[in-house]
Amino acid sequence: DAKTTQPPSMDCAEGRAANLPCNHSTISGNEYVYWYRQIHSQGPQYIIHGLKNNETNEMASLIITEDRKSSTLILPHATLRDTAVYYCIVRVAGGTDKLIFGTGTRLQVFP
Amino acid sequence: GAVVSQHPSRVICKSGTSVKIECRSLDFQATTMFWYRQFPKQSLMLMATSNEGSKATYEQGVEKDKFLINHASLTLSTLTVTSAHPEDSSFYICSATGSNYGYTFGSGTRLTVV
Numbered sequence: 039d040a041k042t043t044q045p046p047s048m049d050c051a052e053g054r055a056a057n058l059p060c061n062h063s064t065i066s067g068n069e070y071v072y073w074y075r076q077i078h079s080q081g082p083q084y085i086i087h088g089l090k091n092n093e094t095n096e097m098a099s100l101i102i103t104e105d106r107k108s109s110t111l112i113l114p115h116a117t118l119r120d121t122a123v124y125y126c127i128v129r130v131a132g133g134t135d136k137l138i139f140g141t142g143t144r145l146q147v148f149p
Numbered sequence: 540g541a542v543v544s545q546h547p548s549r550v551i552c553k554s555g556t557s558v559k560i561e562c563r564s565l566d567f568q569a570t571t572m573f574w575y576r577q578f579p580k581q582s583l584m585l586m587a588t589s590n591e592g593s594k595a596t597y598e599q600g601v602e603k604d605k606f607l608i609n610h611a612s613l614t615l616s617t618l619t620v621t622s623a624h625p626e627d628s629s630f631y632i633c634s635a636t637g638s639n640y641g642y643t644f645g646s647g648t649r650l651t652v653v
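From first to last, the protein sequence lines are chains A and B. Residues 39 to 149 (our numbering) are what the first sequence spells out, left to right. Residues 540 to 653 (our numbering) are what the second sequence spells out, left to right.
This is chain A alone, in the form it adopts within the complex (with noise of 0.2 Å):
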């Protein structure tokens, strides 16, 4: 089963900010926190990933807790093509373990 909880959908503006929530509250201190995306109809896109520090690089920005239970993805100006649906997954960093994906955010960015 999936180690992660996202809320099944959300809204956003086009021109303003995502923030899409994650909790992992069984999260290993070893194992670390992806994002992936799925548009309609693709293969997932790899998004970010960070184990207990904030990430951020040209896509979006990763913030986790300090009690690393939870994190939030944020997208700071969500355009329409940012519609997708949202997975968090957590993983050990490095080797070949599976990915298993839960049910994922439907962000749906309107104009």
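Check before you lean on any hint, since a few could be wrong.
[To be verified] Calculated lysine-lysine pairs in the BS3-like style (CA-CA distance at most 27 Å, straight line):
| no. | chain 1 | residue 1 | chain 2 | residue 2 |
| --- | --- | --- | --- | --- |
| 1 | A | LYS136 | B | LYS605 |
| 2 | B | LYS603 | B | LYS553 |
| 3 | A | LYS136 | B | LYS580 |
| 4 | B | LYS580 | A | LYS41 |
Treat the hints as calculated values from the structure; they're not laboratory data. Just so you know, these numbers come straight off a predicted model, no measurement behind them.
Mind docking chain B on chain A? Use the hints.
Same frame as chain A, now just chain B:
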């Protein structure tokens, strides 16, 4: 970045026939590949894990004789749906990973069995 090519993107086949889906890592050696299935409005469900040169490891409830997986090289894995039936109609997605690479997904194959 790492690229995974999946082919075909769409396939329609008659009930009772077999269909082969290919997954190729184009610019890296994929020691491990994964196959997922996704039904409409549902999440990805892992079917099996394959390591190059080894037999695939199937998830519980996935019929190994129906979904044949071959991973004969570090750049190619194939999934063959044998004796396909309408209930096998789904979106099949592969993922590949190798040393120093994250998980890269193919673009998926939409299988329709008529």
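These are the hints, each one checked on the structure:
no., hint, verdict
1, LYS136(A) - LYS605(B), "21 Å, holds"
2, LYS603(B) - LYS553(B), "21 Å, holds"
3, LYS136(A) - LYS580(B), "22 Å, holds"
4, LYS580(B) - LYS41(A), "20 Å, holds"
Hint compliance for this structure: every hint is met.
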